[in-house]
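A.B. asks: Listed below, chain by chain, are the residues.
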Amino acid sequence: MNIEEFENRNVGTQNYVPVEIPEYPTKNLSIFKQVVLRAIKGELFKGLMITLKELIRFDIHTVQYPMEKLPIGPRYRAVHKLLRLWESGYERCIGCGLCEKICISDCIRMDTKIDEKSRKEVTEYSINLGRCIFCGYCAEVCPELAIVHGPRYETAGEQRAHFVLKDDMLTPMDVLVANGQEEYPGFGALIPGTDSDVVKTPLAY
Amino acid sequence: METSIIIETLIKMVVVVLIFSALAGFGTYFERRLLGFFHRRLGPNMVGPFGLLQIIADGIKLFTKEDIIPANAVKGIFVFATLVIPVAAFVAFTAIPLYPQFTVFGYTVHPIIIDVNVGLLFVMGVMAVGMYTPLLAGMSSGNKWSLIGAARGVIQLLSFEVITGLSILAPLMMVGSLSLIDINQYQVDSGMWLIVQQPVAFILFTIAGFAEVNRTPFDLTENESEIIAGYHTEYSGMKYGLMAIGEYASMFIVAFLVSIIFLGGYGDASAIVNGEQNGAWGGVFLLLKVAFFFFFFIWTRATWPHIRPDQLMWLCWKVLMPLAVLNIVITGFVMMLNQ
Numbered sequence: 001m002n003i004e005e006f007e008n009r010n011v012g013t014q015n016y017v018p019v020e021i022p023e024y025p026t027k028n029l030s031i032f033k034q035v036v037l038r039a040i041k042g043e044l045f046k047g048l049m050i051t052l053k054e055l056i057r058f059d060i061h062t063v064q065y066p067m068e069k070l071p072i073g074p075r076y077r078a079v080h081k082l083l084r085l086w087e088s089g090y091e092r093c094i095g096c097g098l099c100e101k102i103c104i105s106d107c108i109r110m111d112t113k114i115d116e117k118s119r120k121e122v123t124e125y126s127i128n129l130g131r132c133i134f135c136g137y138c139a140e141v142c143p144e145l146a147i148v149h150g151p152r153y154e155t156a157g158e159q160r161a162h163f164v165l166k167d168d169m170l171t172p173m174d175v176l177v178a179n180g181q182e183e184y185p186g187f188g189a190l191i192p193g194t195d196s197d198v199v200k201t202p203l204a205y
Numbered sequence: 001m002e003t004s005i006i007i008e009t010l011i012k013m014v015v016v017v018l019i020f021s022a023l024a025g026f027g028t029y030f031e032r033r034l035l036g037f038f039h040r041r042l043g044p045n046m047v048g049p050f051g052l053l054q055i056i057a058d059g060i061k062l063f064t065k066e067d068i069i070p071a072n073a074v075k076g077i078f079v080f081a082t083l084v085i086p087v088a089a090f091v092a093f094t095a096i097p098l099y100p101q102f103t104v105f106g107y108t109v110h111p112i113i114i115d116v117n118v119g120l121l122f123v124m125g126v127m128a129v130g131m132y133t134p135l136l137a138g139m140s141s142g143n144k145w146s147l148i149g150a151a152r153g154v155i156q157l158l159s160f161e162v163i164t165g166l167s168i169l170a171p172l173m174m175v176g177s178l179s180l181i182d183i184n185q186y187q188v189d190s191g192m193w194l195i196v197q198q199p200v201a202f203i204l205f206t207i208a209g210f211a212e213v214n215r216t217p218f219d220l221t222e223n224e225s226e227i228i229a230g231y232h233t234e235y236s237g238m239k240y241g242l243m244a245i246g247e248y249a250s251m252f253i254v255a256f257l258v259s260i261i262f263l264g265g266y267g268d269a270s271a272i273v274n275g276e277q278n279g280a281w282g283g284v285f286l287l288l289k290v291a292f293f294f295f296f297f298i299w300t301r302a303t304w305p306h307i308r309p310d311q312l313m314w315l316c317w318k319v320l321m322p323l324a325v326l327n328i329v330i331t332g333f334v335m336m337l338n339q
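So the sequence lines, in the order shown, correspond to chains S and Y.
Heads up: the first sequence is residues 1 to 205, going by this note's numbering.
Heads up: the second sequence is residues 1 to 339, going by this note's numbering.
Same shape as in the complex, but just chain S (with noise of 0.2 Å):
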């Protein structure tokens, strides 16, 4: 498509094809006529048709959904996961703050501290899910790719506050050693072949 269709703006007069609808009649006999005519063309007839294929077709689209589930899309923001890093296993947060910072409905709350290593642990990491608007901010924010969304719909449990400790969100150690660390592709990842479009900033004007 070119530019220049969109920039057309006498809608009408290009292809559209409008609906024939016959004039309603007014008339007693010509709404006798009408009815009559109706009737005997059997339209009603035509439509049980149609629904009695459908039932010997037998071409059911029910998905049964315990059983079967519909993928989703990688950028399907559910409940959050941290994530790990691949070599090391140190989670991957730095604790920075910004996804605490970000986040409009106010609803996650970290704590940190410098450890013996003088390295910024975070000690305390948490979603209150019923404030939570998976509006992806954080995962968009977050510069180390720790904090995600990941694909995790089904959050019926006891307690909302199960899916988002931190240890529910971490990846457990033993499944990132089993390469079972799925890694994000979707809100705020990076876009692949991102290298090799970053180019110098121009500064020379």
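No lab work stands behind these hints, which were simulated from the structure alone.
Note that the Cβ used here is the ideal one computed from N, Cα and C, for glycine as well.
The reader is advised that the hints may include incorrect statements.
Stated by the list, open to error - Within a straight-line C-alpha distance of at most 20 Å, the following computed PhoX-like cross-link-like pairs (lysine-lysine) qualify:
1) 46/S <-> 120/S
2) 144/Y <-> 33/S
3) 101/S <-> 113/S
4) 27/S <-> 318/Y
5) 75/Y <-> 144/Y
6) 101/S <-> 120/S
As the list claims (entries may be wrong) - Incomplete in silico selection of chain Y near chain S, CB under 8 Å:
7) 38
8) 40
9) 41
10) 42
11) 80
12) 287
13) 299
14) 302
15) 303
16) 317
Unchecked claim - Anything over 12 Å on all C-beta distances counts as not near chain S; from chain Y, calculated:
17) 16
18) 74
19) 90
20) 161
21) 268
22) 308
With the hints as your guide, set chain Y onto chain S.
C.D. replies: For chain Y alone, kept in the frame of chain S given last:
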């Protein structure tokens, strides 16, 4: 009266009530299942084999639900209204031959509770009593939607009572009896189904039947998109269940009436073919015809949209009633010429 007749009648009554209240449950199952298939869905399929035990699950749900009577409802009438339609429907079954007569251990059973000589009139009159359910339920609920549903229901049922009566008049003129067994016998004697001689009456009676049991093209009384659930908006638990049983039983009555009056009923009960009594096969065919009409009720529900109340009234008084009268007049002339 002999004691044996009383016992036999009592047994028949119990059997009819048991069979048709069970069939109402199966009716909801088949309706949901078939509607699903028509819409490319599965319908209830989880509880038991093919979802058949869904009926029991529904029953448990209905029985254990909290029974709410709204504060503004007129309590006595509100409760009484639930009883009218199932009672009317089950009483109507008394004069319908549900199966040809058969012999068990040398004892001939007539599967009709009483063969009254005004059978059809009795059935239609008792069915018309069922109209009090929407009327009383709607007026006593203290709910505007119920009231609108009641008003719609009553105009619809009253109007279509006229069509039912007039459309059935022409076949009755030919048969000369109101007993459904006589009507069945007339079709055996004349060698053809009444639908051949009275196609217009058949169509009119079927349309009126749809209106009388509030099925889809005419389901104005419980039109979800407009008036929530019509007259049973405020009903819950087993009160609603009773109304549903009554409605499904009415559907079976209409199906039986159409099958017996126009589609030859069970045919010749006493005919003997190849040394076997033919009656049993006639009974199976009657039940198949009834099953087809039940299927047809669901089929139309899956297909057709419903119409507006004013369109319904227009259809009733300006199209169907003149046609019915015309049919009677023409039938009368033809009968006069044939004499």
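A.B. asks: A separate judgement is required for each hint: does it hold in the structure or not?
C.D. replies: Evaluation of the provided hints:
Between residue 46/S and residue 120/S the CA atoms are separated by roughly 73 Å; this puts the pair beyond 20 Å, and the hint is violated. Distance restraint check for residue 144/Y and residue 33/S: the Cα-Cα separation of roughly 38 Å exceeds the 20 Å cut-off, and the hinted pair is therefore not satisfied. Distance hint between residue 101/S and residue 113/S is fulfilled; the C-alpha atoms sit about 18 Å from each other, no more than 20 Å. Our distance criterion of 20 Å between C-alpha atoms is met by residue 27/S and residue 318/Y, whose separation comes to about 14 Å.
For the suggested pair residue 75/Y and residue 144/Y, the alpha carbons sit about 17 Å apart, so the restraint of at most 20 Å is met. Proximity of residue 101/S to residue 120/S is assessed by CA-CA distance (about 18 Å); at most 20 Å being required, the pair is judged to hold. Residue-level restraint check for residue 38/Y holds (minimum Cβ-Cβ distance to chain S is 5 Å; threshold 8 Å). Contact between residue 40/Y and chain S, as hinted, is supported at the beta carbon level, the nearest pair being about 5 Å apart and thus within 8 Å.
Interface restraint check for residue 41/Y: the shortest CB-CB distance to chain S comes to about 5 Å, inside 8 Å, so the restraint holds. Among the interface hints, the one on residue 42/Y holds; its C-beta lies about 4 Å from the nearest C-beta in chain S, closer than the 8 Å criterion. The beta carbon of residue 80/Y comes no nearer than 39 Å to any beta carbon in chain S, farther than 8 Å, and the hint placing it at the interface is violated. With a least beta-carbon distance of about 21 Å to chain S, the hint placing residue 287/Y at the interface is violated under the 8 Å criterion.
For residue 299/Y, the shortest C-beta to C-beta distance to chain S is roughly 6 Å, which falls under 8 Å, so the interface hint holds. The interface hint given for residue 302/Y is met, as the beta carbon of that residue sits about 5 Å from the closest beta carbon of chain S, less than 8 Å. About 4 Å separates the beta-carbon of residue 303/Y from the nearest beta-carbon of chain S, less than 8 Å, and the hint is met. Look at residue 317/Y: its Cβ only gets to about 13 Å from chain S, farther than 8 Å, so that hint breaks.
The claim that residue 16/Y is not at the interface with chain S holds, since no C-beta of that chain comes within 12 Å of its own (minimum 31 Å). For residue 74/Y, the condition that its CB be more than 12 Å from all CB atoms of chain S holds, with the nearest at approximately 41 Å. Residue placement check: residue 90/Y keeps its beta carbon more than 12 Å from all beta carbons of chain S (closest about 31 Å). The beta carbon of residue 161/Y sits about 23 Å from the closest Cβ of chain S, which is more than 12 Å, so the claim that it is off the interface holds.
No Cβ of chain S approaches the Cβ of residue 268/Y within 12 Å, the least distance being about 32 Å, so the stated non-interface status holds. Residue 308/Y, annotated as away from the interface, keeps every beta carbon of chain S farther than 12 Å; the closest lies near 14 Å.
Checked against the numbered hints listed earlier, the structure breaks hints 1, 2, 11, 12, 16; every other hint is satisfied.
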